[in-house]
Amino acid sequence: MIRSFSINEFYFLLSAVQWTLALSAIAFLGGAIAGLLIALGRTSPIKPVRLAATGYIQVFQGTPLLMQLFLVFFGATVLGIDMNPWAAAALGLTLNASAFLGEIWRGCIQSVPRGQWEAASALGLRYPGLMRYVILPQAVKVALPPTVGYLVQLIKGTSLAAIIGFTELTRAGQIVNNATFQPFLVFSIVAALYFVLCWPLSLLAARLEARYAAPGR
Amino acid sequence: MNYSFQFDAVIASWDYLLTGAWLTIRLSLGAMVLGLIVAILCALGKTSGPKPVRWLINAYIEVIRNTPFLVQIFLIFFGLPSMGLMLSPDMAALIAMVVNVGAYATEIIRAGIESIQKGQVEAGLALGLRPLQVFRYVILKPALRTVYPALTSQFILLMLSSSVVSAISADELTSVANNIQSQTFRSFEIYIVVTAMYLVMAMMFSGLFAAIHRLVFTYDLERR
Numbered sequence: 000m001i002r003s004f005s006i007n008e009f010y011f012l013l014s015a016v017q018w019t020l021a022l023s024a025i026a027f028l029g030g031a032i033a034g035l036l037i038a039l040g041r042t043s044p045i046k047p048v049r050l051a052a053t054g055y056i057q058v059f060q061g062t063p064l065l066m067q068l069f070l071v072f073f074g075a076t077v078l079g080i081d082m083n084p085w086a087a088a089a090l091g092l093t094l095n096a097s098a099f100l101g102e103i104w105r106g107c108i109q110s111v112p113r114g115q116w117e118a119a120s121a122l123g124l125r126y127p128g129l130m131r132y133v134i135l136p137q138a139v140k141v142a143l144p145p146t147v148g149y150l151v152q153l154i155k156g157t158s159l160a161a162i163i164g165f166t167e168l169t170r171a172g173q174i175v176n177n178a179t180f181q182p183f184l185v186f187s188i189v190a191a192l193y194f195v196l197c198w199p200l201s202l203l204a205a206r207l208e209a210r211y212a213a214p215g216r
Numbered sequence: 000m001n002y003s004f005q006f007d008a009v010i011a012s013w014d015y016l017l018t019g020a021w022l023t024i025r026l027s028l029g030a031m032v033l034g035l036i037v038a039i040l041c042a043l044g045k046t047s048g049p050k051p052v053r054w055l056i057n058a059y060i061e062v063i064r065n066t067p068f069l070v071q072i073f074l075i076f077f078g079l080p081s082m083g084l085m086l087s088p089d090m091a092a093l094i095a096m097v098v099n100v101g102a103y104a105t106e107i108i109r110a111g112i113e114s115i116q117k118g119q120v121e122a123g124l125a126l127g128l129r130p131l132q133v134f135r136y137v138i139l140k141p142a143l144r145t146v147y148p149a150l151t152s153q154f155i156l157l158m159l160s161s162s163v164v165s166a167i168s169a170d171e172l173t174s175v176a177n178n179i180q181s182q183t184f185r186s187f188e189i190y191i192v193v194t195a196m197y198l199v200m201a202m203m204f205s206g207l208f209a210a211i212h213r214l215v216f217t218y219d220l221e222r223r
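As given, the protein sequences belong to chains S and P, one line each in that order. Each step along the first sequence adds one to the number in numbering that gives the first Met the number 0, with nothing skipped, and position 102 is 101. Each step along the second sequence adds one to the number in numbering that gives the first Met the number 0, with nothing skipped, and position 154 is 153.
In case anyone wonders, no lab produced these hints; they're calculated from the structure. The model shown is predicted, which means the values in this text are computed figures rather than measured ones. Any given hint could be a false lead.
Among the chain P residues that face chain S by a calculated CB cut under 8 angstroms, a handful are [unchecked claim]:
1) Y2
2) A58
3) I60
4) E61
5) T66
6) L74
7) I167
8) V192
9) Y197
For each label pair, taking beta carbons as the anchor points, the in silico distance ranges come out as [unchecked claim]:
10) G118(P) <-> Y132(S): 42 to 48 angstroms
11) Q119(P) <-> A24(S): 26 to 32 angstroms
12) G48(P) <-> A205(S): 42 to 48 angstroms
13) L13(S) <-> A209(P): 33 to 39 angstroms
14) A110(P) <-> S3(S): 44 to 50 angstroms
15) A110(P) <-> P136(S): 46 to 52 angstroms
16) R53(P) <-> A121(S): 36 to 42 angstroms
17) S168(P) <-> R2(S): 40 to 46 angstroms
18) A51(S) <-> A210(P): 25 to 31 angstroms
19) I6(S) <-> N57(P): 28 to 34 angstroms
20) V120(P) <-> Y10(S): 35 to 41 angstroms
21) G127(P) <-> L202(S): 41 to 47 angstroms
22) F11(S) <-> R213(P): 22 to 28 angstroms
We put the beta carbon where it would ideally sit given N, CA and C, even for glycine.
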């Protein structure tokens with residue numbers, strides 16, 4: 000018996016949005032913490048640390064996100080850990096986000112003029128104080144627009160969790176489609192829901208970029 | 000950790016993996032070329048078309064850039080047949096990739112076109128070139144030269160995201176990996192090898208593009 004697409008199916012899709020949002024939030028928070036470490040590593044004065052961070056970014060930016068999710072999912076089995084799709088998606092997206100945010104923020108840290116670094120160390124600030132009070136506060140302003148822009152990429156990336164079997168918005172779309180056989184309608188609605196999540200962020204990123212664009216550069 | 004790695008299954012299907020990788024490369028190159036044509040037309044429309052055209056192109060770009068690639072693939076592969084247009088998985092994958100990369104490349108090329116100074120266009124017209132000639136020689140060529148690096152990284156992103164088309168079982172690298180996985184159950188071994196293959200392909204292409212950039216796209220004055 001083929002079900003028809005009714006308001007219940009729409010509610011099911013709508014309620015799946017919360018899982019897309021939860022997954023995005025976790026990956027963003029985890030990715031932000033790890034990404035800050037990667038960015039600091041990437042700009043570190045110690046060469047091995049710099050190389051390690053560069054390698055990490057290269058591997059995660061040079062391989063498909065889907066493969067990264069598969070490796071986390073199946074890699075856990077290798078280590079003898081029972082990993083459910085939810086944890087695998089969260090961990091995989093976190094690792095991926097940390098590499099991308101790390102690379103974005105590296106650029107922002109390096110955009111702080113050299114003179115600021117020199118002035119701070121001339122004032123006797125060591126690395127932690129220099130970063131905390133001088134460099135990072137200035138880098139944050141530059142970092143805001145591309146970070147919001149990356150958030151869009153992250154939300155779209157969570158759709159791949161559907162392939163390893165986590166029921167977020169895209170997987171919910173597949174489930175409803177399997178029951179109703181109205182792919183065009185179902186996936187249009189799914190796409191529209193993603194659009195509603197992502198478009199405001201894209202507009203915000205563009206506005207922030209226009210606002211924080213350094214005048215006269 | 001008492002897991003014993005067994006790579007025999009991967010080694011046994013080495014040629015199958017290479018076929019998949021080759022299709023990934025062909026799909027990505029084909030989608031990039033077609034996507035560039037779409038993008039040049041859209042960029043032309045967006046910079047100098049009438050208002051409704053500009054509005055349509057903007058809608059296309061915003062819709063594609065703000066929805067996941069996977070959902071776009073599903074819409075094309077499952078949605079179009081319900082409107083009477085049957086597609087093979089490979090064909091649907093190609094169309095989805097063209098539509099997707101076309102939107103991103105439009106924005107890149109538009110940025111390149113807008114970087115051309117107005118005086119250049121006026122000079123071209125003053126020299127008696129027709130508008131299309133001005134577009135081709137005065138605007139498009141220097142614009143593409145400017146945005147070449149951005150386009151090449153877009154290509155790498157396209158190639159990596161092409162793994163997503165395995166969701167509709169196209170025959171590219173990730174689908175091949177899925178097939179081997181479902182026959183041998185050596186999941187981790189296969190996916191780690193395939194991940195490495197993607198990494199090598201990404202590095203190969205960025206090296207190749209950098210070489211092309213030095214040889215073709217550098218002005219003589221810049222060449223060392």
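Structure-based check of each hint:
no. : hint                                    : result
1   : Y2                                      : 5 angstroms, holds
2   : A58                                     : 11 angstroms, violated
3   : I60                                     : 10 angstroms, violated
4   : E61                                     : 6 angstroms, holds
5   : T66                                     : 4 angstroms, holds
6   : L74                                     : 4 angstroms, holds
7   : I167                                    : 11 angstroms, violated
8   : V192                                    : 10 angstroms, violated
9   : Y197                                    : 5 angstroms, holds
10  : G118(P) <-> Y132(S): 42 to 48 angstroms : 46 angstroms, holds
11  : Q119(P) <-> A24(S): 26 to 32 angstroms  : 47 angstroms, violated
12  : G48(P) <-> A205(S): 42 to 48 angstroms  : 21 angstroms, violated
13  : L13(S) <-> A209(P): 33 to 39 angstroms  : 46 angstroms, violated
14  : A110(P) <-> S3(S): 44 to 50 angstroms   : 46 angstroms, holds
15  : A110(P) <-> P136(S): 46 to 52 angstroms : 30 angstroms, violated
16  : R53(P) <-> A121(S): 36 to 42 angstroms  : 53 angstroms, violated
17  : S168(P) <-> R2(S): 40 to 46 angstroms   : 25 angstroms, violated
18  : A51(S) <-> A210(P): 25 to 31 angstroms  : 28 angstroms, holds
19  : I6(S) <-> N57(P): 28 to 34 angstroms    : 32 angstroms, holds
20  : V120(P) <-> Y10(S): 35 to 41 angstroms  : 54 angstroms, violated
21  : G127(P) <-> L202(S): 41 to 47 angstroms : 43 angstroms, holds
22  : F11(S) <-> R213(P): 22 to 28 angstroms  : 54 angstroms, violated
Hints 2, 3, 7, 8, 11, 12, 13, 15, 16, 17, 20, 22 from the list above are not met by this structure, while the remaining hints are.
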